[in-house]
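Read top to bottom, the protein sequences are chains B, C and D. Residue numbers -19 to 436, in this note's numbering, belong to the letters of the first sequence in order. Residue numbers 18 to 281, in this note's numbering, belong to the letters of the second sequence in order. Residue numbers 258 to 413, in this note's numbering, belong to the letters of the third sequence in order.
Careful: at least some of the hints might be erroneous.
[Unchecked claim] Chain B stretches covered by chain D per the calculated footprint, using a threshold of three residues with CB under 8 Å from any CB of chain D:
no. : segment
1   : 110 to 120
2   : 159 to 166
3   : 171 to 183
4   : 199 to 209
5   : 247 to 261
[To be verified] Sample of chain B residues lacking proximity to chain C, with all beta carbon distances greater than 10 Å (derived):
no. : residue
6   : S(-15)
7   : A21
8   : V62
9   : A228
10  : D274
Hint data in this document are derived by calculation from the structure and do not stem from the laboratory. Note that CB positions come from ideal geometry on N, CA and C, so glycine has one too.
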Amino acid sequence: MNHLSSETFKENARAALADVQLRGALKNATSLFGERRKEAAASLPNWEELRTQARAIKDEVLSDLDRYLKEFVRNAESRGAVVHRARDAAEANSIICGLAKERNARVIVKSKSMTTEETHLNDALEAAGMQVVETDLGEYIIQLANEPPSHIIAPAIHKTRQQVSELFATELGMPPTDDIAQMTSTARATLRDRFAAADVGISGVNFAIAETGTLVIVENEGNIRLTTSLPRMHIAMMGIEKVIPRFADLDVFLKLLPRSGTGQRLTTYQSFITGTKRDAADEGPDELHIVLLDNGRSRMLAHPVTRQSLACIRCGACLNACPVYQQVGGHAYGSVYPGPIGAVITPQLMGIEKAAQLPFASSLCGACRDVCPVKIDIPQLLLHLRAEISPRKGSTAERLAFKVWAKVMTSPSLYKLSSIAGRILQHVMPISRAWTSGRDLRPIESKSFHDLWSND
Amino acid sequence: MWNAGAATEGRPYSSARSANEMKVALFVTCLVDQMWTSIGVSSVAVLRRVGCKVEFDKRQTCCAQPAFNTGYLDEARVVARRFISIFEESKADAIVSPSGSCTAMVHHYPQLFAGDSEWLPRAQAIAARTHELSAFLVRVLGKEDVGASWKGRLTWHDACHGLRDLNLKSEPRTLIRNVRGAEFVELEYADACCGFGGTFSVKYPEISLAILDQKIDAIERAGVQAVVSGDASCLMQIGGRLSRKGSKVRVMHLAELLNESSQQ
Amino acid sequence: MTNRIDRFKESVESVAGHCIVTTDATDVLKQILADLNVQRVASSDNPPNAHDIFNFDVGISSAQAAIAETGTLVLDSACERHRLVSLVPPVHIAIINASTIVETLSDALTLLQKDKEISPAITFITGPSRTADIELTLTIGVHGPQELYVIVDSSK
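Only chain B is shown next, with the shape it has when bound in the complex (with noise of 0.2 Å):
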């Protein structure tokens, strides 16, 4: 089992660090992605105003939000879709499994979806006895594991294809391989049995477009169109920031969000489903639900700085850009949303108290704000959230430490006192000795650059 916890983000990060398999999948996986998403953007001209273009539009939207919502909900329902609003996990959880029930379902496929691994919806339909298999190629890998995703793009990522091929073999009785399209077939032939078996298909929604109605979700293996098509019954969760105004606002965002996940112009498969089917002799879902999840996000939009968590369009971009991403993976985050942007999402999704660690886990850098497609400034974030956690829940130590330090950068004899004192200390001070664990740490000046100042 491989599920930790936010709170223990020091110690997860720590044993990252000693596993040499997991650093070198990290370090392929995150420069490759990094590099394809520059030449992406670099393949259009206009890269920058259409940041800026996804950037307004998710502005508009998150300051009338109740408004799109209404849109989104009156012209779903019009064309015969089902809309019902969880405030959070524990309800959209019992919505969903309520669908099921009522329908006798035994079997669900799943396609890959951030907010039912948020809800945990995965639990809450297996204790209520169906069988859920997820469809996505490296979430179906993890599930067959019982590990959380560790990439919002590439849930897989740490896994070898030895380890993949011990797991298929163990699980599904594939003869041991080193071929992935090997594995990729039986991973193919096993799921089609339970697609045609599946009573109820569960998905995701990248956008949700408020003037039609319409959910768009994009892909590149096919498994999200065999979820939304083949069974009677179409659940779809979304986060209530997903709605967009208008259907040509896609234009935009279809440009972004492929670009900055995967360096694709497009992605294979883009699904745009406006309602039920207008006849019954069509293939499709006789049923649509689109289940609104709040969870935390309206206490998220009611703040001014950090309604902008909100605009996240979850390409992953900002994982690969950030230097501790690159070094610990998804796992050490404790997290459904690693990363830069999990580090900022976690503690206003969970409550601070559960993540206080991870808005301090950052150098700051800023790499996660140049490659974000809709602008987001994390490292304001991080300084927001540092803000809220440091005064109330900093160690006594540390909150000491920085009102002496307050009086001694206000006083000049004060400071002049505390740089002797320095010279006298800085070998036995805690500080230094967190720093030279791995490092010379250059000695304080025998006289500062006050001391030798001399106006001529």
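Position chains C and D relative to chain B; hints supplied.
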């Protein structure tokens, strides 16, 4: 305000705005003051060499960044107010600092005093006058060559706040390329963080070191005698690891390089 | 127009699809089917039921539009009512009219809303199904088709 457009027209040794008229207030930073005085000394020498008159207010201490970045905003404001008050008294044309990070902090002051009708305008005025050293030389004075010489192969590490908050990319490279005798090579992933991050390096020393080792590997691959950067903090991080590993590569602040006049 | 068809073809090929431009689509289709040497061919004009489709080797569909800059097929459920023919069989052959190719993503989005309500299911298809979930190694053909042929009828 300085005319940045005019600055780009300047040729070496001729300034867009005559440096002789320029009075500069040096903000040396607490780190340089206590840990690396030669950066301060070199900054003064370089600024004087290009014709600036340099003043130094001995009441100065810190820009408030440690508290700001750790989330102690009340303490940060106390220290920032004092910085503003001291430098407001100066009649200098510009406040110049040999640190991208501390300059960026001063540029964050308006954010720190948002909604404060007394301090916000004062913070804005101070931020507008404060420049990082290479930006001041190239953008304000139009000086791309300060007459330095140093023999050897060297590379440049982009310190994060200088690069991303102040957009310093071409300025330091231009200055370095004009150092006589110096062979400049680009560092692989020059813009990647060195892992310092202030209190981050103390709160998470293992992660900080793991990030740092990527930087060290790149420096070793570059086959240089020196790695140059614009922030003493990054240089302490990088230099501390190089020293621990027994590397012969030396770390040098841009101000120190620009003050070199070796005849080797 | 020729340029646009060329751009479309180039884009389809850049995502591992095959693209044949012809004035005789029927003939090209026959040739492809003969080369593939397949037994069971499903057509969206006369589709099998949803569960039988799993036993077919090839699915043939039309597309209501296509995008030159990305090599994308646009399938609109108002015309293309059978979503599974283009998805489940290991080979998907799409036959499109050259005149329906638009230049950009933006053009295609505009078209979908023009003078009508948006159809319940619209699918964009760009190349065959793919994954890179194991060691980031690109593998073609996961849940959807392993091969995609696009026949562009340049006479229409």
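Quick rundown of the hints versus the structure:
1. 110 to 120: holds (count 4)
2. 159 to 166: Contact hint for the segment 159 to 166 of chain B vs chain D: holds, 5 residues under 8 Å.
3. 171 to 183: holds (count 3)
4. 199 to 209: holds (count 7)
5. 247 to 261: holds (count 14)
6. S(-15): Holds, since 17 Å exceeds 10 Å.
7. A21: 15 Å, holds
8. V62: 44 Å, holds
9. A228: Since the minimum Cβ distance to chain C is about 33 Å, A228/B lies beyond 10 Å and the statement holds.
10. D274: For D274/B, whose nearest Cβ neighbour in chain C is about 27 Å away, the distance exceeds 10 Å, so it holds.
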